[in-house]
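Trainee: Sequence:
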Amino acid sequence: LVQPVTYQPEWKVWALNRLPMLPEAFQVQVREGATDQWKVLRKLLQDRATKEVVNACDAGREGELIFRYVYQMAESKLPVTRLWVASLTDSAIRSAWSNRRPGQEFNMLADAARSRAEADWLVGLNATRALTCLARKGGGQNLMSVGRVQTPTLAMIVGRDLEIEGFQPQAFWTVSAPLSAEPEPGVVAEWRGVFFQPGGAGGPAEKKGTAEVRMASAEVAEAVATALSGQTGTVATSERKPKRERPPLLHDLSSLQQLANKRFGFSAKRTLELAQSLYERHKLLTYPRTDARKITPEEVSLLPGILNTLRQVPPYREHTQMLLDSAGLRPGKRVVDAAEVGDHHAILPTDRNPLRAGLSADEKRIYDLVSRRLLAALSPDARFEITTLIVVYELTPEQVLPEPITSPLRLRAKGRVCVEPGWQAIEPPRKKNERDLPPIPEGTLAEIGKAKADEKQTRPPSRHNDASILQSMESAGKLLDDRELARALRGAGLGTPATRAAILQTLLNRGFIERKARELWSTERGRALIACVPVDELKSPELTGQWESRLSRMSDGKEARSAFMAAVREHTARIVAAIAAAEPPAAAAVGSPEPEPKLGDCPVCDRPVRERKSVYGCDSGRDCTFVVFKKVAKRPISKRTVRLLLKGQRTPLLKNFKSKKGKSFSAALTLDEDGKVSMVFPPRTPTGLACPRCATGRLVEGRTAWGCARWREGCDYRIAFMVDGKRRSPQDAAAEIWAAAGRERSD
Numbered sequence: 083l084v085q086p087v088t089y090q091p092e093w094k095v096w097a098l099n100r101l102p103m104l105p106e107a108f109q110v111q112v113r114e115g116a117t118d119q120w121k122v123l124r125k126l127l128q129d130r131a132t133k134e135v136v137n138a139c140d141a142g143r144e145g146e147l148i149f150r151y152v153y154q155m156a157e158s159k160l161p162v163t164r165l166w167v168a169s170l171t172d173s174a175i176r177s178a179w180s181n182r183r184p185g186q187e188f189n190m191l192a193d194a195a196r197s198r199a200e201a202d203w204l205v206g207l208n209a210t211r212a213l214t215c216l217a218r219k220g221g222g223q224n225l226m227s228v229g230r231v232q233t234p235t236l237a238m239i240v241g242r243d244l245e246i247e248g249f250q251p252q253a254f255w256t257v258s259a260p261l262s263a264e265p266e267p268g269v270v271a272e273w274r275g276v277f278f279q280p281g282g283a284g285g286p287a288e289k290k291g292t293a294e295v296r297m298a299s300a301e302v303a304e305a306v307a308t309a310l311s312g313q314t315g316t317v318a319t320s321e322r323k324p325k326r327e328r329p330p331l332l333h334d335l336s337s338l339q340q341l342a343n344k345r346f347g348f349s350a351k352r353t354l355e356l357a358q359s360l361y362e363r364h365k366l367l368t369y370p371r372t373d374a375r376k377i378t379p380e381e382v383s384l385l386p387g388i389l390n391t392l393r394q395v396p397p398y399r400e401h402t403q404m405l406l407d408s409a410g411l412r413p414g415k416r417v418v419d420a421a422e423v424g425d426h427h428a429i430l431p432t433d434r435n436p437l438r439a440g441l442s443a444d445e446k447r448i449y450d451l452v453s454r455r456l457l458a459a460l461s462p463d464a465r466f467e468i469t470t471l472i473v474v475y476e477l478t479p480e481q482v483l484p485e486p487i488t489s490p491l492r493l494r495a496k497g498r499v500c501v502e503p504g505w506q507a508i509e510p511p512r513k514k515n516e517r518d519l520p521p522i523p524e525g526t527l528a529e530i531g532k533a534k535a536d537e538k539q540t541r542p543p544s545r546h547n548d549a550s551i552l553q554s555m556e557s558a559g560k561l562l563d564d565r566e567l568a569r570a571l572r573g574a575g576l577g578t579p580a581t582r583a584a585i586l587q588t589l590l591n592r593g594f595i596e597r598k599a600r601e602l603w604s605t606e607r608g609r610a611l612i613a614c615v616p617v618d619e620l621k622s623p624e625l626t627g628q629w630e631s632r633l634s635r636m637s638d639g640k641e642a643r644s645a646f647m648a649a650v651r652e653h654t655a656r657i658v659a660a661i662a663a664a665e666p667p668a669a670a671a672v673g674s675p676e677p678e679p680k681l682g683d684c685p686v687c688d689r690p691v692r693e694r695k696s697v698y699g700c701d702s703g704r705d706c707t708f709v710v711f712k713k714v715a716k717r718p719i720s721k722r723t724v725r726l727l728l729k730g731q732r733t734p735l736l737k738n739f740k741s742k743k744g745k746s747f748s749a750a751l752t753l754d755e756d757g758k759v760s761m762v763f764p765p766r767t768p769t770g771l772a773c774p775r776c777a778t779g780r781l782v783e784g785r786t787a788w789g790c791a792r793w794r795e796g797c798d799y800r801i802a803f804m805v806d807g808k809r810r811s812p813q814d815a816a817a818e819i820w821a822a823a824g825r826e827r828s829d
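For what it's worth, my numbering labels the leading residue of the sequence shown as 83, then goes sequentially.
I should point out that these hints are in silico values taken from the structure, not numbers from a laboratory.
Since we're looking at a predicted model, the values are computed, not measured.
Note that CB positions come from ideal geometry on N, CA and C, so glycine has one too.
Keep in mind that the hints are not guaranteed to be accurate.
[Claimed, not checked] Computed beta-carbon distance windows for the label pairs: (1) R465 <-> R600: 47 to 57 Å; (2) S746 <-> A116: 26 to 36 Å; (3) Q154 <-> E606: 41 to 51 Å; (4) A287 <-> G221: 44 to 54 Å; (5) G639 <-> S720: 48 to 58 Å; (6) T786 <-> V697: 41 to 51 Å; (7) P251 <-> G115: 24 to 34 Å; (8) L244 <-> G221: 22 to 32 Å; (9) E144 <-> R363: 14 to 24 Å; (10) P679 <-> A648: 53 to 63 Å; (11) E485 <-> P260: 25 to 35 Å.
Produce the entire structure from the sequences given, and follow the hints as far as they go.
Mentor: Below you can see the structure in the form of structure tokens.
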């Protein structure tokens with residue numbers, strides 16, 4: 083979508099009284115660097131010889147949007163069919179080609195895609211400008227970047243950090259004791275039990291069950307330990323119950339990113355890059371940017387071929403053979419459920435052999451996670467036996483304990499033993515939480531050894547990492563009271579699996595958060611932004627829930643695009659009004675550090691241009707298209723060079739640029755009429771160049787030198803053919819003259 087100034091010139095200026103910006107109809111433009119490819123597409127889409135246009139963009143909402151934008155800009159009227167591909171293997175592509183669908187079947191999906199993009203533009207750009215202008219009233223200088231997904235995500239990270247920093251640890255005490263019994267003559271069983279009191283022992287509770295074992299003071303705990311030590315209790319409860327753990331669901335992108343972060347420390351961005359490489363380059367995984375954790379009945383027919391491939395890979399051979407030898411593959415609804423599959427099914431390995439793919443170590447790790455998860459999902463439940471032993475001791479009349487402790491005193495022990503590993507044979511847990519307790523009949527006497535009171539402290543929540551924030555983004559509905567909004571977010575969450583990694587990267591790039599080892603910490607700038615947002619909806623998942631619920635209905639044909647966009651426009655106006663009515667935050671509150679020195683004015687929006695982390699850009703940030711990268715063709719670009727460009731001048735001839743083939747070359751830089759950096763190469767001869775001395779005459783070739791044609795008028799500029807006894811080439815002479823001019827000359 084184009085920048086605001088394209089719609090109305092007055093929107094070039096950032097001012098509260100020029101908001102909200104509400105274009106009547108949205109316009110699109112070609113992305114920077116894609117012009118040549120766009121021209122090729124436009125020619126084909128307008129060619130009368132073209133009989134059919136096949137939309138083979140990503141099979142999803144955003145892929146549909148890209149195609150519709152291109153088709154719209156080309157003003158094409160050609161018939162369209164849709165190629166819906168989930169895997170890039172030859173057989174999958176052939177099957178999708180044979181089953182192309184009419185393009186108009188996806189009009190509702192396209193409506194939802196356009197509405198999402200336009201709603202993000204309206205809220206994001208208007209709120210960013212409004213909040214930035216408000217901050218400037220208080221003396222702030224920073225760009226206050228606000229986004230529909232970016233801001234609530236940042237708010238969750240900031241909220242967690244503030245919760246940790248404001249956490250006040252509380253001391254508590256627990257009591258445990260060694261136990262022994264003789265369930266049958268000559269057989270002595272030993273174990274350890276933990277004191278608990280149903281209803282609570284008076285200590286702080288952090289999660290379910292913890293109040294039963296925690297005492298608030300050392301005196302109470304020591305009294306309990308003293309009362310138990312050396313006594314004889316009775317086994318009041320001896321239970322053995324079977325328990326099943328169902329196989330995990332197949333991976334979608336979010337679950338894969340979370341597991342890769344926990345296992346290997348991969349960032350969300352890194353996992354997506356690896357999965358995309360396994361999909362596009364190696365063709366070993368199906369489409370990775372999916373939010374589904376099930377497959378449809380159509381994919382079930384692919385499973386035997388996939389398993390036959392995995393059987394050839396040593397780590398999976400034994401388990402795969404067991405599955406193939408079972409009485410037919412009949413995965414249940416936990417694996418197969420078409421109702422829970424949207425644009426793409428869960429991530430699966432393909433039937434291509436990975437052993438010949440030449441994978442990197444990290445690619446092997448991601449492939450292994452996906453393959454093991456498929457085998458686990460198709461496997462039987464893991465079965466365990468859970469044992470509970472409770473020993474009770476009745477206090478004597480002489481033993482009086484402080485409140486809230488009451489008689490009888492109870493010591494509990496729990497055990498867990500794996501009976502059948504099932505799916506855990508191929509995807510074992512990182513920690514084996516197993517403890518075998520002896521079988522002891524109820525009523526058996528149990529000797530209580532010396533009990534011990536241990537002091538502990540409550541702990542703050544952990545800092546967010548990629549895995550935890552992705553989970554929070556995915557299940558943001560749990561933060562909401564509104565059930566309908568929560569249901570919408572269960573299907574969509576904050577962002578999509580395809581965009582969440584990019585959202586985190588944006589927060590990192592803009593300095594709102596930073597990485598410390600595997601943790602994500604909010605920065606002073608990020609906290610300042612959240613503190614200064616006066617509209618709670620911009621910080622909460624609620625806005626996303628409302629939009630995603632309606633966008634989902636639009637994709638299903640149950641919501642009109644016109645009604646949705648009207649509501650978004652009204653909502654945008656309310657947000658701008660609320661920000662405009664708020665008190666400006668103080669400069670210190672918005673975290674306005676001393677800004678980088680101004681290098682010049684932006685040629686696109688006239689705002690100050692400063693040095694950033696990896697670019698030279700203006701204070702409008704991503705709301706403006708102007709940017710000068712710190713390296714052009716592998717050559718560093720200095721601030722002095724940028725200052726010249728911003729003055730409208732051509733730079734001197736710069737050396738040491740590198741071509742794609744690694745060859746060095748020289749060129750000058752200039753800004754074109756759109757504010758884009760372009761290269762200008764020196765002419766091959768001085769003849770015809772403007773004179774660098776008088777700027778009005780042209781150079782001509784004489785008998786011994788090139789000189790100014792205005793020599794009769796008094797300009798004596800000349801450059802000799804010979805220098806140090808060697809003849810100077812016309813190209814070298816032209817480059818020297820051209821570079822000395824300091825501004826662009828015609829040749």
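Trainee: Decide, hint by hint, whether the structure agrees.
Mentor: So, going through the hints one by one against the coordinates:
The beta-carbon spacing between R465 and R600, approximately 34 Å, falls outside the hinted interval of 47 to 57 Å. Under the hint 26 to 36 Å, the C-beta atoms of S746 and A116, about 28 Å apart, fit the expected range. At about 43 Å, the beta-carbon gap between Q154 and E606 stays in the expected band of 41 to 51 Å. Distance hint check for A287 and G221: the Cβ-Cβ separation is about 46 Å, which falls inside the suggested range of 44 to 54 Å.
Taking 48 to 58 Å as the suggested C-beta distance range, the pair G639 and S720 conforms, at roughly 56 Å. Roughly 48 Å separates the CB atoms of T786 and V697, a value that falls within the hinted 41 to 51 Å. At about 53 Å, the beta-carbon gap between P251 and G115 misses the expected band of 24 to 34 Å. About 24 Å separates the C-beta atoms of L244 and G221, a value consistent with the hinted range of 22 to 32 Å.
The given range of 14 to 24 Å is respected by E144 and R363, whose C-beta atoms sit roughly 21 Å from each other. Roughly 45 Å separates the CB atoms of P679 and A648, a value that falls outside the hinted 53 to 63 Å. As the Cβ distance of E485 to P260 is approximately 27 Å, the hint placing it in 25 to 35 Å holds.
The earlier numbered hints that this structure contradicts are 1, 7, 10.
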